[in-house]
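Peer 1: Residue numbers (our numbering), protein chains in the order written: chain A, 1 to 133; chain B, 1001 to 1142.
No lab work stands behind these hints, which were simulated from the structure alone.
One or more hints might be untrue.
Here are some, though not all, of the chain A residues that point toward chain B, as calculated from beta-carbon distances under 8 Å [as the list claims (entries may be wrong)]:
#1 Val-76
#2 Val-78
#3 His-103
Here are the simulated DSBU-like cross-link-like pairs (lysine-lysine), alpha carbons at most 35 Å apart as the crow flies [as the list claims (entries may be wrong)]:
#4 Lys-85/A / Lys-31/A
#5 Lys-1112/B / Lys-24/A
#6 Lys-85/A / Lys-1112/B
#7 Lys-31/A / Lys-123/A
#8 Lys-123/A / Lys-1112/B
Even glycine gets a Cβ: it sits at the ideal position worked out from N, Cα and C.
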Amino acid sequence: MGVTVSGVDDWLGDLDTLAERADKAFVPIMKRAGGNIKDDWSARWTAMPHSHIPHLVPVQALSYDVDPKTAPTYSVEVGVRAERKQARLASFIEFGTLTSRPHPAGMPALEAEAPRMAEFAEKAAADLLEGRK
Amino acid sequence: MTDSIDELHAQAGLALLAADPALGSARVFDSVVPNPTPDINVGWVLVYTHVAWPRDGVGTGLDAAQDTVTTTYTCHCVGATPVAARVVGMQVRSTLLGVRPTIANRLCGLIKQAVANPPIRDESLGFAVFDEVMEFDFTSTG
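So here's chain A without its partners, still in its complex pose (with noise of 0.2 Å):
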């Protein structure tokens, strides 16, 4: 009686590697994620009733920057660029003033994303562990 083990020196390859071949994986998860966020928090701030919204700060401002540089964590950062022009305003429109209430849409935009993004992370997770990526 025996038994024979197979595919290990293989599946120890796949980890040996894992760092290298993580990038290529997550960074485009990220960069999607962003993208989507950021088109997602614009539609909202243009949709509202409130029809100078999107005049006050263009919906071209919002951006997303992903740093791949923090591998083993990676992530994105979605908002308004501070160099564009009533950049300021953003966060009275997301978040009211003294005498407006909020227009939140960065923070929905995140939460419908958030679930979406975890599902591609934890299938390139496990591609890169099964040595499919």
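Model the placement of chain B on the given structure of chain A, informed by the hints.
Peer 2: Only chain B this time, still in chain A's reference frame:
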């Protein structure tokens, strides 16, 4: 109207803040700063509440019913100086953070901080104040 679930959620955080002796109901405002404007040297917190029944993910039970409520408190912590605004902010944070609200027939999670911003200058009242905006939220199901 068949129930008051939404309003109970909105009032949960407001009641916690109003019950804090360091703030008190006279310094906790629900969506509107009173007229005449209170003494800025005392500072206050203006709270916008948002109660939502999200459709997907956490919001849907195994029976496909929308049974989860998310409640968001956008707190404008106001003072005459950045330090004063932060002091109000710290009091708000210590009152809300980590508290599990009690609402009849609902299972409530802990109140968590979702957003924190540095104090910024706000002149919408006609004079300059410093406003530190924080968002807290919690979910409940039932």
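Peer 1: When the structure is checked against the list of hints, which entries are broken? Sort them ascending.
Peer 2: 1, 2, 3
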